[in-house]
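Just add 12 to wherever you are in the sequence shown, counting from 1, and you've got this note's numbering.
Note that these hints are calculated values from the structure, not bench results.
Do not rely on the hints blindly, as some may be mistaken.
Claimed, not checked - Okay, the calculated beta carbon distance ranges per label pair:
#, residue 1, residue 2, range
1, K114, F153, 43 to 49 Å
2, G214, K114, 34 to 40 Å
3, K113, S168, 47 to 53 Å
4, A137, F201, 41 to 47 Å
5, P67, L139, 22 to 28 Å
All C-beta atoms, glycine included, are put in the ideal place defined by N, C-alpha and C.
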Amino acid sequence: MTGTVLAQALSQLFDAYVLWVILGSAVFGLFVGAVPGLTATMATALLVPVTFFMPPVPAIASIVTATAMAIFAGDIPSCLLRMPGTPASAAYTDEAYAMTKKGQGELALGAGLVFSVIGGLFGTAVLIAAAPALAEIALKFSSFEYFWLVVLGLASAVFLALANPLKGIVSLLAGLLVASVGLDNPAGFPRFTFGNAELAGGLTLIPIMIGMFAVSEIIRNVATIDQPWEMAQTRIGNVFNGMWQLTRRYWLSILRG
13 MTGTVLAQAL SQLFDAYVLW VILGSAVFGL FVGAVPGLTA TMATALLVPV TFFMPPVPAI
73 ASIVTATAMA IFAGDIPSCL LRMPGTPASA AYTDEAYAMT KKGQGELALG AGLVFSVIGG
133 LFGTAVLIAA APALAEIALK FSSFEYFWLV VLGLASAVFL ALANPLKGIV SLLAGLLVAS
193 VGLDNPAGFP RFTFGNAELA GGLTLIPIMI GMFAVSEIIR NVATIDQPWE MAQTRIGNVF
253 NGMWQLTRRY WLSILRG
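Can you build the whole structure from these sequences, using the hints too?
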């Protein structure tokens with residue numbers, strides 16, 4: 013029975029019309045993700061009016077493809093310009109850009125592609141197998157569990173900054189201060205809005221991310237416009253070359269990760 017269902021699903025997936033939809037959605041997601049400030053959620057929202065008139069299978073394939081490609085494409089400006097295309101790419105922007113300056117741009121992009129694929133496939137498998145159990149656990153969450161979950165997140169943030177704990181604590185407190193702007197969740201009381209109605213919704217992640225990375229990088233480049241860039245002069249070609257280099261050099265780390 014399972015084999016029959018799988019065969020039917022594959023036959024629907026490899027239909028010519030569905031493949032063309034996947035190709036077009038991949039190009040669209042690549043463009044959206046590579047533009048700093050545009051997220052995978054925006055790509056999905058822009059596709060909704062188009063997929064509304066499609067059959068279910070092509071519509072789902074279009075949304076999934078655009079989302080996956082937008083998440084990966086956020087690594088492109090991160091590696092080349094130190095400007096994360098999506099919030100998911102902000103965590104390793106400095107490391108990826110440092111690799112590009114050393115002439116390892118292909119390796120950085122290849123690593124992003126490899127682990128995007130592995131993470132997507134693993135996450136999908138876990139969701140298929142454990143979605144009912146996770147739903148039951150999530151419904152049992154109360155304020156106590158949410159509190160300790162937040163404490164775990166804050167403790168993890170400090171633990172990751174052991175090399176410079178003072179900087180980590182200051183960054184953590186600054187993040188908490190920024191997150192507290194807007195309406196209080198339980199009571200709906202405005203906090204740090206200073207009478208400005210536009211701040212009632214809080215400060216969103218995308219403008220903050222663009223200000224921290226994109227604007228700071230532009231100012232840095234303008235300030236050092238008379239100085240030569242310290243960047244290895246290597247050509248960035250096929251991203252699959254980076255995938256091959258990553259697999260060949262760090263196969264044990266890939267398996268362990």
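Status of the hints after comparison with the structure:
1. K114 / F153: 43 to 49 Å: Between K114 and F153, where Cβ atoms are some 44 Å apart, the hint holds.
2. G214 / K114: 34 to 40 Å: 38 Å, holds
3. K113 / S168: 47 to 53 Å: Cβ of K113 to Cβ of S168: about 29 Å, so the range 47 to 53 Å is violated.
4. A137 / F201: 41 to 47 Å: 43 Å, holds
5. P67 / L139: 22 to 28 Å: Cβ of P67 to Cβ of L139: about 23 Å, so the range 22 to 28 Å holds.
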